[in-house]
Amino acid sequence: DAGITQSPRHKVTETGTPVTLRCHQTENHRYMYWYRQDPGHGLRLIHYSYGVKDTDKGEVSDGYSVSRSKTEDFLLTLESATSSQTSVYFCAISARTSGLHNEQFFGPGTRLTVL
Amino acid sequence: GDSVTQMEGPVTLSEEAFLTINCTYTATGYPSLFWYVQYPGEGLQLLLKATKADDKGSNKGFEATYRKETTSFHLEKGSVQVSDSAVYFCALSGASGGSYIPTFGRGTSLIVHP
Chain V
1 DAGITQSPRH KVTETGTPVT LRCHQTENHR YMYWYRQDPG HGLRLIHYSY GVKDTDKGEV
61 SDGYSVSRSK TEDFLLTLES ATSSQTSVYF CAISARTSGL HNEQFFGPGT RLTVL
Chain G
116 GDSVTQMEGP VTLSEEAFLT INCTYTATGY PSLFWYVQYP GEGLQLLLKA TKADDKGSNK
176 GFEATYRKET TSFHLEKGSV QVSDSAVYFC ALSGASGGSY IPTFGRGTSL IVHP
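Residue numbers (our numbering), protein chains in the order written: chain V, 1 to 115; chain G, 116 to 229.
There's no promise every hint is true.
Beta-carbon label-pair distances, calculated as ranges [what the hints assert, rightly or not]:
| no. | chain 1 | residue 1 | chain 2 | residue 2 | range |
| --- | --- | --- | --- | --- | --- |
| 1 | G | ALA168 | V | VAL12 | 43 to 51 Å |
| 2 | V | ARG22 | G | GLU123 | 28 to 36 Å |
| 3 | G | ALA132 | V | GLY51 | 41 to 49 Å |
| 4 | G | GLN196 | V | LYS53 | 41 to 49 Å |
| 5 | G | GLU131 | V | GLU79 | 36 to 44 Å |
| 6 | V | SER7 | G | SER194 | 25 to 33 Å |
| 7 | V | PRO8 | G | GLU131 | 39 to 47 Å |
| 8 | G | THR135 | V | SER69 | 42 to 50 Å |
Some chain G residues well away from chain V (every beta-carbon gap over 10 Å; in silico) [to be verified]:
| no. | residue |
| --- | --- |
| 9 | VAL126 |
| 10 | ASN137 |
| 11 | THR139 |
| 12 | THR141 |
| 13 | GLU157 |
| 14 | GLN160 |
| 15 | GLY220 |
Below, a sample of chain G positions facing chain V; criterion: calculated Cβ distance under 8 Å [what the hints assert, rightly or not]:
| no. | residue |
| --- | --- |
| 16 | GLY158 |
| 17 | LYS175 |
| 18 | GLY176 |
| 19 | PHE177 |
Simulated from the structure, these hints should not be mistaken for laboratory data.
The beta-carbon is built from N, C-alpha and C at its ideal position, and this holds for glycine as well.
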């Protein structure tokens, strides 16, 4: 199994509070991603990183920010949590292999509830 | 842009039945194609992949063939087990531009009854 962990695994918070989710990898992979998974929507990309300090927005980035100061860590921050951000959050990593065969490895997920 | 379309679920089967989950895609260039599986309470994990036309990916009794002429990558298994109950995602990556941003289908839930 790819060495990828997420913390916390579960969190309950209140509307308006800041929340930071952490993704940690031991694979030294270049690319890291944050997704959210909601019923009826499948997986939706929030932000991704293609190197240390190199990040970009995905399709649902509003209300989220990210940082990557080290290869192994990718942080997702909800500056002021809202109930619409209640979801399961997955981190994923991938390596740029020969050609474009960049399969992803996923973390176990963080279940976030915003009351 | 790129897109992946999967059949709606849930798919409900009896144990030992034949499984097909349809997946079609739209992409420019020559993407790689993937099937991921998600068991309850877990993250997605790669089930199989194919990187060029006519390639067949296989793993744990599941198979899928990369059909460029029909832009399809249907997942099949000859005899499903209760333990195959999960959500299956078809995905592509490596199409022209944004090659490290995969495109996922919405997932198909499979329920296998004893």
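Hint-by-hint comparison with the structure:
Remark: the range hint 43 to 51 Å for ALA168 of chain G to VAL12 of chain V is upheld by a beta-carbon distance near 48 Å. Restraint check, ARG22 of chain V to GLU123 of chain G: a C-beta distance of roughly 35 Å satisfies the suggested window 28 to 36 Å. Separated by about 46 Å at the C-beta atoms, ALA132 of chain G and GLY51 of chain V satisfy the suggested range of 41 to 49 Å. For GLN196 of chain G paired with LYS53 of chain V, a C-beta distance near 46 Å keeps the hint of 41 to 49 Å intact.
In this structure, GLU131 of chain G and GLU79 of chain V break the distance hint of 36 to 44 Å, their C-beta atoms being roughly 51 Å apart. Checked against the hint of 25 to 33 Å, the pair SER7 of chain V and SER194 of chain G fails, with Cβ atoms roughly 39 Å apart. A beta carbon spacing of about 41 Å between PRO8 of chain V and GLU131 of chain G agrees with the range 39 to 47 Å that was offered as a hint. Between THR135 of chain G and SER69 of chain V the beta carbon distance is about 46 Å. The supplied range of 42 to 50 Å therefore holds.
The Cβ of VAL126 of chain G sits about 16 Å from the closest Cβ of chain V, beyond the 10 Å cut-off, so the non-interface label holds. With 10 Å as the threshold on Cβ separation, the claim that ASN137 of chain G sits away from chain V holds: the shortest Cβ distance comes to roughly 16 Å. Consistency note on THR139 of chain G: stated as away from chain V, and its beta-carbon is indeed over 10 Å from all of that chain's, at 16 Å minimum. A cut-off of 10 Å between C-beta atoms confirms that THR141 of chain G is not in contact with chain V; the least separation is 16 Å.
Its closest Cβ contact with chain V, about 6 Å, brings GLU157 of chain G to no more than 10 Å, contrary to its assignment away from the interface. Its beta-carbon lying about 7 Å from the closest one in chain V, GLN160 of chain G breaks the requirement of being farther than 10 Å from that chain. Taking the minimum C-beta to C-beta distance to chain V, about 7 Å, the non-interface status of GLY220 of chain G is violated against the 10 Å cut. Hint status for GLY158 of chain G: holds, given a least beta-carbon distance of 3 Å to chain V, under 8 Å.
Interface restraint check for LYS175 of chain G: the shortest CB-CB distance to chain V comes to about 15 Å, outside 8 Å, so the restraint is violated. For GLY176 of chain G, the interface hint is violated, the least distance from its beta-carbon to any beta-carbon of chain V being 20 Å, above 8 Å. Interface hint status for PHE177 of chain G: violated, as the beta-carbon distance to the closest one in chain V is roughly 15 Å, over 8 Å.
Hint compliance for this structure: hints 5, 6, 13, 14, 15, 17, 18, 19 are broken, all remaining hints hold.
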